[in-house]
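K.L.:
Heads up: the protein sequence lines correspond to chains B and D, in order.
The numbering of the first sequence is my numbering, which starts it at 8 and goes up by one.
The numbering of the second sequence is my numbering, which starts it at 594 and goes up by one.
By construction, these hints were calculated from the structure, which means they are not laboratory data.
For every residue, glycine included, the Cβ atom is placed at its ideal position computed from N, Cα and C.
Negatives, chain B to chain D, calculated, CB over 10 Å:
| hint | residue |
| --- | --- |
| 1 | Q69 |
| 2 | A72 |
| 3 | A170 |
| 4 | R176 |
| 5 | S195 |
| 6 | A214 |
Some but not every residue of chain D turned toward chain B, in silico, with C-beta under 7 Å:
| hint | residue |
| --- | --- |
| 7 | G688 |
| 8 | L751 |
| 9 | Y754 |
| 10 | G817 |
| 11 | S818 |
| 12 | N819 |
| 13 | H820 |
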Amino acid sequence: MAISSQTSSAAQQTQALSASEAEGFEQVLSRLLGGYRSRNRNLVAFASGVLAAPSGPVRMPQIAAAAGCRPSAFRRLLDDVELDEGALRRSLVATAPAKQLRALTVETEWVSIVDGRHGNGRQIFSIHAVTDSANVPIGWSAVDTPPPSTQREQSLAVLEAAAIAGLVRQTARDYAAVDPTGLSAAGSRPVVLFDDWYGTNEELRRALGLLVAEYSLAVSGLDVLAHPLRREPDETVDPERSVAEHFDPLRPHVLPMAREIVDGSPSRHGREYVTALSRDGAPSYAIVRPFVPIPPGGLLGRRPEQRAADIAALAASLDHTEAARRLRVRDFLHPDSQGVRRQALLASVLEALREGALEGLAA
Amino acid sequence: MMADAMLDACADGHVSCGDEFDDLGSVCLERSHVENGLVRLAEEAQRERTARLSARRQRQLAQSGDHASASREADLADLLSSADLTPDVELQLAGRAAVLGASADARTRYERVMRAADFSPLGAIAAFRLAELAGDEHREDEALTLLDWAVQAADEHLLPYALIKLGDALVIAGKDERAETAYAAAVATDHPDIAPRAALVLALRREGRGDVASATELYDMVIGSNHPEYAPDAHARRNALVHRRTSAVVERWILPAIHGCESEDGPGGDDLELGSEMWMAPLSRTDAQGWTRTEAASSDGWVEGDELVVAFGARGAPDGVGHEVAADALLFVIWSPEGSPPCDPPVVYLEVKEHAALSTDERPHDPAANHSSCCADEWRAQRDGLGAILPDLTMGDSALLIAAVSHVIGVTRCEEARLFGSMFHSTVGELPHLDGRHPAVQEWRRWQSTLVNGCHCAFVGMP
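Let the hints inform the model, and build the full structure from the sequences given.
P.N.:
This is the structure in structure tokens:
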């Protein structure tokens, strides 16, 4: 169905982009999404309008004004029209081939919104493909939640775990679609979550454990874990020891340390480890699940600890890029999470195009 | 007087009424007991919290180096703690006392915790630490009893330590069979450090008993664990085991054949004599060390000499001439007393093969061919896929075999023998599994650079 809108010129519709950029973006969207030209022009105009809108929270009227279009055109585009979001994601995935992947990172950002459908805030999740030369957001999700507090709400933990696990699952499918054997041939690539709010979320860890071989979830030093860490006979028995207390004193400039979480499972295979390292003078802790292949009947030895420490070092070397802020996803206070997701994807594709990563599509 | 008023009158818990108020009096008494009980519980809970808090502060202060404050917190924790109420705090205080040299105090606390916590992980910790104290004081019997107890009650954290300590104590007590059971159980825990250590100890014991196969398996397990401390030790011990075995084989079989004399357990009636036909003798003997002697002879026009083939890890029993046998390695010994280049002196070389079947019909050397065409190339051409690194028998073992041969020949002053070592590999010189620290390997590599007309034979060493 054609999206009708005022037939303004391309220049008016894409004020934040130059004419050539807008044209290139439109070509990319046409190749990825197909569909009517006017729809794709409206998508370009919308993405451009978000960029050109005043800084701070924006809604459809401001975006439309910045783009020179009517809000209704954009609203239907985001909320009603069928759009192949998978095609957009796969175009981003293709810019970070599996064999070049170092890790998949998950960034989170909470933003306060007034008229959200559930709660008065929104948790925005983005998953990123990290290579040596790039950090590409390849998937987005949004969950409306109350603001984070010291009390961890169990029902919300389930929602948020589902959102993150869903992103990881979706990424695996997208990579499989782009390169069926790429991820498996590349070997294990850990999923790294920076926000220490989620580290003790057992729902999330269970879900990730089923999806990926390795992950690293940041935790706070003040957290007290549900299961004890492996201890030696002369160590203190105190179930209320915090994560930080297990590693005190944490010396700077030493290799990451890892201690096994003794969760009562019958085998050490698949267990998690708490890691600690000092990064720029600040302690950093994570729950890491390493993968160590071993023949049947063999001894694991210290290999899981070493692999966990390696993953912790890798995670510490990666940065939170604040993509939601950079791409103005946190500014876009749209009532529906689908609209937020689409804006995020469009902004990600536009960013990739501007960085020259989509030249094949733009030609 | 109304009952409620009576109860109010008894609110202070005292029975102040006469006989006519006995029923109400007993209610008052019961209420006061309950209230007193609640007060006691609250007091105990407060004591427990404060004791644990003090213990935690003591640890933190000690770590930060403020030992005076840490000592004060320890005193406070000591005042409030008891084995019934806070056995974990008692364990911490006992550990502190032991470190400070107050063994008697530590011992007393551990005994109290054992009594109070009974058959529980905390009781097991107390028993384990008490066993260590007993061992320090050379009270081995007491230590053994305590360790037995600890093993029964230990959780996953303590169990590996308790098992290996128990094993050590049982060895001291001369109870070897039980000791091995304890070590085996420690291995089964797959503890990151204790399991490889226990496997190494067990391997040593099995090797000492002559159970080579089991010892080798355990050494391999420790090596496979890649433990930074125990894996190198296991590797060295396994190498030494292989070396000893190989030396024994060389002495028993190869040297006598070279010198033309019968070995102690010489060829049996079914074995074929060395002659002009090359064939494969039935595998008539195997020994527990995995070596099997196979004799074969050269055929006309092939090698003017005699050849002895010793198959290591051979499987199968061919029943005729030229049949194939699968082997992990073949040690060829070729000598030509009357001289025939290039194998003028006896040639001993080791070839490590894949598990694929190997036919001894195929010739390692063909002097009829142009020597520059390289027997090695021809050899490889005849065997597709051979020359790969054997996963089970590493090239490091091969180096040891050659080293063992050279050592034994040197010892016996076989002056006429020049030892050639040659390892055929698809990419010569790249043998990554060779242990470069071994003198034989270093020698071999040195001579690799002096290829003669492309032949991969090289002088390994002169006895």
